[in-house]
Amino acid sequence: MNDIEPQPHRASSVYYAIGSAPEPARLRLSGLYAVHRKWCDVANSKDNHQAVTTLNWWHHELEACQSAKTSHPALRAMQSELWRPECAQALQHLLHGHMHWHHLNRVENLEQLQPTIDAIGGQLANIWLLMCGAEVPVSYTQSAGRALWWIDQLRHLGHNLSNERVWIPMQWLKECDVPAHILLKTDLPAEQRAQQLAPLVQKIISQANAECNEYHEQYALLDDDQTDPVRSWHVLMQLRMDLLRVIQAEPQELFKGLVSIAPLRKWWRVVRT
Numbered sequence: 020m021n022d023i024e025p026q027p028h029r030a031s032s033v034y035y036a037i038g039s040a041p042e043p044a045r046l047r048l049s050g051l052y053a054v055h056r057k058w059c060d061v062a063n064s065k066d067n068h069q070a071v072t073t074l075n076w077w078h079h080e081l082e083a084c085q086s087a088k089t090s091h092p093a094l095r096a097m098q099s100e101l102w103r104p105e106c107a108q109a110l111q112h113l114l115h116g117h118m119h120w121h122h123l124n125r126v127e128n129l130e131q132l133q134p135t136i137d138a139i140g141g142q143l144a145n146i147w148l149l150m151c152g153a154e155v156p157v158s159y160t161q162s163a164g165r166a167l168w169w170i171d172q173l174r175h176l177g178h179n180l181s182n183e184r185v186w187i188p189m190q191w192l193k194e195c196d197v198p199a200h201i202l203l204k205t206d207l208p209a210e211q212r213a214q215q216l217a218p219l220v221q222k223i224i225s226q227a228n229a230e231c232n233e234y235h236e237q238y239a240l241l242d243d244d245q246t247d248p249v250r251s252w253h254v255l256m257q258l259r260m261d262l263l264r265v266i267q268a269e270p271q272e273l274f275k276g277l278v279s280i281a282p283l284r285k286w287w288r289v290v291r292t
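Going by the numbering used here, the sequence shown opens with residue 20, and the numbers climb by one from there.
Please note that the accuracy of each hint is not assured.
[To be verified] List time: in silico DMTMM-like cross-link candidates among lysine to aspartate or glutamate, alpha-carbon distance up to 20 Å: (1) Lys222 <-> Glu233; (2) Lys193 <-> Glu130; (3) Lys222 <-> Asp261; (4) Lys222 <-> Asp171; (5) Lys222 <-> Glu130; (6) Lys222 <-> Glu272; (7) Lys275 <-> Glu233; (8) Lys57 <-> Asp171; (9) Lys57 <-> Glu42.
[What the hints assert, rightly or not] Label pairs and their in silico Cβ distance ranges: (10) Pro198 <-> Ser86: 47 to 53 Å; (11) Asp196 <-> Gly152: 46 to 52 Å; (12) Ser86 <-> Ala199: 32 to 38 Å; (13) Ser64 <-> His28: 19 to 25 Å; (14) His68 <-> His28: 28 to 34 Å.
Hints in this document: simulated from the structure, not taken from any laboratory. In this text, a Cβ means the ideal position worked out from N, Cα and C, and glycines have one as well.
Using the sequences and the hints given, assemble the complete structure.
Rendered as structure tokens:
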């Protein structure tokens, strides 16, 4: 596993979640995390030529997996799962979601954004659960991916917006009376940005909470024999929802740095989940 890069930071939420997975799945999940992180970074690149070239290279590399010709450590770690058509197809869908994200520069409403959310968050959850041997309804997987996506986007709100990519629906900006140019003024003092964007932040927090509530409802519908295989994902969701509570309590912190929770608090959450 040492040749798989990047690896989750020790004591991060993903680190704890992977550690909660069945032993045989941990290496595969580390590979999944690595490619997902790489694709996220590339998809957010401002260098369009490099991004498109790199994402296309990954597309061909995934095809090479079908004949065991890949040389990438992260994909080799997942090789045993990628022989399964449903897993290989889901990984392709995840890559296509990142490709779509790279070309996304304006969104009119939530309905227009939803397919990208499901292609990234939904397929990440789908592959994770497949690798853990979980057999769950699509409604659970979909709610899991949506909840994770919204919390992660909220967490990076103060840092990941640019003229090349305004993923927040224009309809929301109008409802919250937030001009796009104010949204992109990252050189303003953190306190001023927090004040100007407060209505929009609350809108996104409400959306994240709604997705988390839906996730809780779907989790409650699982049978007892389904909850054990999904435990590692549920650990990740519980940790992310703890993070959402921290953000909700002090939303202005979004503009001061990357909001996090203490490792000891994470460990305690894992023990109780």
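Hints violated by the structure (numbers, ascending): 7, 9 and 12
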